[in-house]
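J.: Below, each chain spelled out in residue letters.
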Amino acid sequence: MKYVLLFVETEQFMNDLHAMSEADRARAFDRVHQWFADNAHAIRGGSKLQHPDTATTVRLGEGEPIITDGPFVEGKEVVSGYTEIEVADLDEALRMVRTWPGCPVVEIRPLQS
Amino acid sequence: MTSAPDASHAELSRVVREHAGSLAASLVKLIGDFATAEDLVQDAVLTALQRWPLEGIPERPDAWLFTVARNRGLDMLRRESNYQRKLAELEWPVHSEPDDRLRLMFTCCHPALPRPAQVALTLRVVCGLTTAQIARAFLMPESTVTQRITRAKRKITDAGIPYRLPADEELNERLTQVLQVIYLLLNEGYLSTSDQAQSRNLVDDADWLATMLHQLMPGEPEVAGLLSLIRLHRARATARFDLGGGLVLLQDQDRSQWDREAIAKATELLVRAARQKRPGPFQLQAAIVACHAEARRWEETDWEQIVLLYDMLLHLAPSPVTRLHRAIAFRYTAGAHAAMSEMDQLADALGDYHLFHAARADLLREMGDPELARAADRRALELTANPAEKALLQQRIKSRPD
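Protein sequences appear in the order of chains A and B. For the first sequence, numbering that gives the first Met the number 0 gives the first residue as 0, with consecutive numbering after it. For the second sequence, numbering that gives the first Met the number 0 gives the first residue as 0, with consecutive numbering after it.
Same shape as in the complex, but just chain B (with noise of 0.2 Å):
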C-alpha cells in the first residue's frame, strides 16, 4: 500500500483520473461497445472510492481497477458469450495506443451530442468522476446528469458515432469542440471557492484534461493556448479571494501572492504556440490574461495592447461577451464616456448578464452618477446566482452613502 487507509478525497480522485481513462480506452477497444464499458469502468471508479479509503491506495491502482472492470463484466454479460469470451481472455496490462485517450476524448465530444452532456460524458468518461460528483460540481440533481449521460450513451450507440479520430479536415472543427468543453469547466471552476471538502475543482480537471491533450497533440497551437489560459488563472487563484471567501476584484489584488514562476511558465509556453503563426481565441484570451498577469501592478496595465488583443479576438470569434470585455478595457484608454457609448450598443444583446449591469455601474460611478450606478448594481444582483459575486454587489450596494 502506498498511502495510508485515510488517504484524502483529493488524493484518491487525482489516482482515479490517472487511470479510469485509459482504462476505458482500452475497454472500447477491446469490447467494441462505448456504452458497456464505460458503465465496467464507472463500477470500477465507484467500487475503489468506496475502498480505497479504508484498504488505502493499491500499489497498482490501475491493474486493479482493471480487474475489477473485468470482473464485473464477466458477471453482468453472462448471457452475452461475445463479450465474456473477449473479457476473459483479457489480461493486465493491455496494451493500448497513445491516443487511445484522444479517441475517448473526441468521441465524448462529439458534435452530434449536446454540449451539457459532452461535459458529463467527458468527466465521466475520461476523468473517471462519479454521476454524483459531477452532480455535485454543477449543482444539478444526480438523475438530470444521469440522464444526459444514458441518453448521450444510447445516441453513440444508435446513431452510429464513431469511436476514432477525426479525419484531417475535420480535425480543427472537432477540436475545437474538445477544447470549449474544456473550457466550461474553466469557467465553470473559475469562481467557485475551492476547498469545500467534498466539492471537486472543475478547474483542476481541465488543467489535468488540457496538459494530456497538449501531450497528445504539441503540435496544435489552440490546445497550447488553452493550457497556458488555465495556467495564467491559477497561478493567481489565491489572491481572487479574501480570507473570509469574498471576491477581490483584479485592481484590488495582493499581487505579490501570484505565483510568478507560473505565469513566466505560461506565458512561454503561450509564447512557442504564437511562433506558429495560427492565431486562435484561445491563445488570444491567454495573452490577454498574460497582459495582466505580467503587470506588477495595476497602474501598470498595458491597456493599449490589451485592447488591440481583443480587436483581433473580436474578427476570429465575434461575440456580445467580449465585446463587453474590450468595453472595459477601452474605458482605460479612452475614458468612460468612450466605453459607455460602446457599451450602449450591447444592451439589447446582453440585457440579461450581469457583468454588462455591474461593468455599467463602475462606469456610471465614475461618470458621478451614483445614483444609475446603484441601480444597474441592483440589477446585476437579481442575474447572478453566484455567492462570491453577490456578497461583491451589496456590498458595493451598501457601502455608498445614500
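Just chain A, same shape as in the assembly (with noise of 0.2 Å):
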C-alpha cells in the first residue's frame, strides 16, 4: 500500500532546534538523513517544504478566488515536509514513523489506489 506521510513541525520544536548548538544541529539532521537512507527501500519520494510564511492559500467558491497569505490552517502546528512510501500494510508504516528522529508529529495518510 501506498501512504504518504506529513511531517508537522510544532512551534516547541523548532525552538528548540534554533536553540542547539550548531554541533548538535548537524547531528539532529544527520540522524534524519539516517532515517532516509535506513529506509531508502519504501521511500518513492517527496520533499521537505519551505516555511509556511512562503506559502499562498486560494479559496475558490463563488465569483473570484480568494488569494490569501499564509497557510490553509493557521495553527502552532505546521506541515514542513510529506514523503510518499509504498509499505505492505498500515503496520509497516508505524513500524517506520517510530524510529523518526526528526519533528514530533507525522499523519500517516494511504493514498487512493
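Since the hints were made in silico from the structure, they are not lab data. Accuracy of the hints is not assured; some may be wrong.
Said to hold, decoys possible - Taking lysine to aspartate or glutamate pairs in the EDC-like style, the calculated list, with each CA pair at most 16 Å apart, reads: (1) LYS1/A x ASP52/A; (2) LYS154/B x GLU106/A; (3) LYS389/B x ASP241/B; (4) LYS397/B x ASP361/B; (5) LYS1/A x ASP157/B; (6) LYS154/B x ASP88/A; (7) LYS1/A x GLU91/A; (8) LYS28/B x ASP38/B; (9) LYS264/B x ASP206/B.
The structure presented is a predicted model; accordingly, all values stated were derived computationally and were not measured.
Build the complex from these two chains, which are given one at a time in their own frames, with help from the hints.
T.: This is the structure in C-alpha cells:
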C-alpha cells in the first residue's frame, strides 16, 4: 500500500532546534538523513517544504478566487514536509514512523489507489 | 435439535458467541476482506436470532451459521466473481488455526481505530453481538453504533490495517489495547443491575473474551491478571445489589453470599501469574480486589497491603482516579484528615468525577462536618447518571437529620 507521511513541526520543536549548538543541530540532521537512508527501500518520493510564511492559499467559490497569504490553516502545528512510501500495510508504516528522529508529529495518510 | 424452541435469549447469545468469532476469522482468511466477511457473519447472526427461537438451536450451530453466511455471500457477491468462486469452493468444516480468533481481536483493537470503535467491533465480530444489542448495552442510539462500525471497517480496508498478529516487539503495546477494551466492558457491565430480560451482561462477555485470550496466550501474566480481576468481581456480584436492585457498599455487603470457591480459584490464577515476575496494572488491580475478597469481615481488611499495592500501581500507571482510590484506602491506615489532604490535591483533576465527591462526603462525615458532607453528596448526585448510584446518594442525603 502507498501512504504519504506528513511531517508536522511544532513551535516548541522549532525553538528547540534554534537553541541547539551548531554541532548538535548537524547531528540532528544527520539522524534524519540516516533514517531516509535506512528506509530507502520503501521511499518513493517527497520533499521538505519551505517555511509556511511562503505559502499562498487560494479559496475558490462563487465569484473571484480569494487569494490569501499563508497556509490554509493557521496554527502552532504546520506541515513541513512529506514523503511517499510503499509498504505492506499500516503496521509497517507505523514501524517506520516510530523511529523517525525529526519533528514530533507525523500523520500517516493512505493514498487512494 | 438440542434445545426446545423456547430457548432463552441468553442461551441463544451464548451459542452465537461460541461460534461467531471463529466463523468471522475463517471467512476473513478465505475471502481476504475483513469488511465483507464481517457483514456475512452479522447477517448469519441476525438470521439465527430470528429463526432459532422458533426452530430451536441446531445440533451443529457452527455449520448452520457457516451455511447461512456462505449462501448469503454467494447471493450478495454475484457480481464479484472472485469472492464468489472462493465462497463456492468452501466446504464445512473450514480449517482454522487456533490463533485465528486472536488475529481477529488484534485487528478489532488496532490502535489506529478509536476506542469506542474498538469496543463495538470486538463485540460484533468476536462475540457475535448484533448492532442493536451493542446499542442497548451502552444506552446509545443504534445509528451511532452502526456509524462507528461502518467507519471502522472502512478504515481497516482503506488505511491498510493488517489482519495478522503483531510482531514480537509490538506485542506488549498491542496486547494492552486488547486488554483495555475487555476492561472497559467489565467497567461498563459492573454497575448495571443484571437480569433485565433483553439487556446484555457485558461482564459476561468480558469474562468470555479474557478466558479465550488466556487460553490462547497462557504465558502472558497481564491476561491472567485481567481474567482474575473479572472473576473476583463476579464472585461477589450477587452481594453488590439488594433485593430491590439497590447498590450495597462493600462494607455493608453480606460476605456469606460471596462465592469462596470462585475467589480461591481467581486468587490462585493471580498467584501463578505473579510468579512470572512481570507485574502490570491488571495484576495489581486484581491483587487489590483479592485483598478485599479474602477478608472474611470488613474489619479484617488488610489496608496496609492495599495501600502498598496502590503505590505500586501508581508507579506503573499513574492516574488521578488511582490516587483517589489510594486516598480512600489511606483513610483506614492514616485517618480521615490525612486522607482528606491527599484528596484535596485531586480537586482540579477530578472535580467532575462523582466518586471524588462521594468519597469526600464520606470523609467529611467522619470528620464531623455533616453540612459539607451533604453538599459533597449533592455534587456527586449531579454528576452520575447511574440509577443505582443515584439511589444510594439520595438515600444518604435524606437519611441525615437537618
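J.: For each hint, tell me whether it holds in the structure or not.
T.: Here is what the structure says about each hint:
no. : hint                : in the structure
1   : LYS1/A x ASP52/A    : violated, 30 Å
2   : LYS154/B x GLU106/A : holds, 15 Å
3   : LYS389/B x ASP241/B : holds, 15 Å
4   : LYS397/B x ASP361/B : holds, 15 Å
5   : LYS1/A x ASP157/B   : holds, 11 Å
6   : LYS154/B x ASP88/A  : holds, 12 Å
7   : LYS1/A x GLU91/A    : holds, 11 Å
8   : LYS28/B x ASP38/B   : holds, 14 Å
9   : LYS264/B x ASP206/B : holds, 14 Å
The earlier numbered hint that this structure contradicts is number 1, and it is the only one.
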